[in-house]
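> Residues per chain are reported as follows:
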Amino acid sequence: MSLIFKGKPIVPGITSGQAIVSSQPISFWGGVDPAKGEVIDRRHECSGIVITGKVFVFPTGKGSSTGSAVLMESIRNGSAPAAIINSKIDPILALGAILAEELYHKTLPLVIVSQEDFESIQDGDSLFIQSDGTILVNPSV
Amino acid sequence: MSLNLSPKDRQMLDGKFGEATRLAMSIIVRMAQALEVDELMDITQAHIDGCGLMSDASLDFAETMARLGGRVAVPTTLNMIPLDLQNWQKQRIPQTFAQKALGMADAYIKMGCIPTWTCAPYQGTLVPHFGQQIAWGESNAIVYANSVLGARTNRYADFFDLCAAITARVPKYGLHLKENRKGQILFRLVGFPENLLWDESIYAALGHLIGHIAQDRIPVIEGLTGDITSDQHKAFGAAAASSGAVGLYHIAGITPEARTLAEAFHGDQPEEIVEIRFADLLAARKDLSTIQNQDVKIDAVILGCPHFSFTEFQRLADLIEISQSRLYPGVRFIVLTNQLTYSLLERSNILKPIMDFCVEIVLDTCVFHSPIVSAKGQVVMTNSGKCAYYAPGELNTGVVFGNLDECFCAAVKGVLCREVER
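Here the protein sequences come in this chain order: P and F. For the record, in the first sequence the residue sitting at position 137 is 137 according to the numbering used here, with numbers rising by one throughout. For the record, in the second sequence the residue sitting at position 402 is 402 according to the numbering used here, with numbers rising by one throughout.
So here's chain P without its partners, still in its complex pose (with noise of 0.2 Å):
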């Protein structure tokens, strides 16, 4: 189903990839190899899923302050999501990607979406991020 919204833009950026969508908030340290972009909480139901340039798409953080370590190792080294989209602002991915841009400049979008808009989004959709935070889900080109 072809939907368009809006959310708000924490890290503004251009990108698009495949939903990755999970209902579990996790920890990127700990739940992330940032060396791998693999998903290794291995009590998470996305255990075992390579995350490298899909659109990441979780309720919030949760768990390491580490977390932001590895977010930002893996925008540096590559292997990080092409986007982040969460209903509600995690403070530790949210620096991890703010510092990201200003260390190595380099943008990882982040975008915090309304819960509706959050669970409107299907895994394996193909999602669509501008700069102002609108998303645009599986666009009949």
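Note that these hints are calculated values from the structure, not bench results. Keep in mind that the hints are not guaranteed to be accurate.
Said to hold, decoys possible - Once the Cα atoms are required to be at most 20 Å apart in a straight line, the calculated PhoX-like pairs of lysine-lysine come out as:
| # | chain 1 | residue 1 | chain 2 | residue 2 |
| --- | --- | --- | --- | --- |
| 1 | F | K297 | F | K286 |
| 2 | P | K36 | F | K376 |
| 3 | F | K297 | P | K88 |
Unchecked claim - A few chain F residues facing chain P, derived, Cβ under 7 Å:
| # | residue |
| --- | --- |
| 4 | R30 |
| 5 | D38 |
| 6 | S58 |
| 7 | D158 |
| 8 | F160 |
| 9 | S242 |
| 10 | G244 |
| 11 | Q378 |
| 12 | Y390 |
| 13 | G398 |
| 14 | G414 |
Every value quoted in this text rests on a predicted model; they were computed, and no experiment measured them. Think of the CB as a built atom: it goes at the ideal place given N, C-alpha and C, for glycine as much as any other residue.
Let chain P serve as the given structure and place chain F on it in line with the hints.
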């Protein structure tokens, strides 16, 4: 909503206090805008977690800030670093890794931080006081500072911690403000046998369960009585801050902002009430183990996540003395702690029996951040809910969770022994 900066904030942002302060303030301003906060506030102490993970990004940030002349403006303690400063050569840490880790340590020292190198700063030096506004990193330290000490910090990210320490400013929001410290979800404990409440693994399992349900809501626990030790709070908070995003909890009648249940909720009603029965706790305890067979071979015991305290070492020494047994051949017995605790051990009479038992005491660091355990495919046992939560992914091992007695028994027998079937 627009952000109102003080004249000094503006000067920092304009570079009047140097380039490191400018960069730190620009990060703080971007975070304040993202969080829709309208002003900044002072903090008077910081704890930095950004020194823990060995990655090029962590090193780049620390070295950049040090090179730009960064210097902390408030007393700032340091979390663990990626190696044991005294013993890394004996532990065969690769030279290239060590050089990077030592470079990162040097950068933070150069910026005026205090080399405490511990993830349990609240059991060490510069312990914050009730109501003190602080900026702490390290999830387990944050939850302890807020809940047990009544100090006030948000769950600060690695690297933001240094920005706050350099500027002594943070966005005024979240757990810094009394109105946001109100309990949200009530956990009522039902049928918990009081004679088991000495056991630290009960608190770790309870934290694991409550963190999972509460996520980022503030939990209030009703039904625990009597004294809860610092080590038990540590076990509870570390687990709750791993399975959830818990930055503050209240225990009615025990923690300082919950002298009564009504005070914990600021006189309001809980958003949700959850009953926890002892059977739920046993299930949570089981969930912390990835291996359930009763006679599994144990390759390593890992204690001290967060860092082992002197009182925990005393309990370990008691077990060694009572059992009069030796470590099972081939089993590693690793205890993580800090220099401060170790210096107390050196002045005590318990270090010798602990060393005679062949305990590997690892200082300043963590099994997750320093390559001291290459345990892929092996089975580790721990009494830490936090270690049990993260080990399967971070160490690639099987994990068995149990209390200190069970960990010790496994170390002596080489296989799991559940002394008390629960």
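> Compare the structure with each hint and give your call.
Status of the hints after comparison with the structure:
no., hint, in the structure
1, F:K297 with F:K286, "17 Å, holds"
2, P:K36 with F:K376, "17 Å, holds"
3, F:K297 with P:K88, "43 Å, violated"
4, R30, "5 Å, holds"
5, D38, "16 Å, violated"
6, S58, "5 Å, holds"
7, D158, "4 Å, holds"
8, F160, "5 Å, holds"
9, S242, "5 Å, holds"
10, G244, "6 Å, holds"
11, Q378, "15 Å, violated"
12, Y390, "4 Å, holds"
13, G398, "10 Å, violated"
14, G414, "25 Å, violated"
Checked against the numbered hints given earlier, this structure breaks hints 3, 5, 11, 13 and 14; the rest are met.
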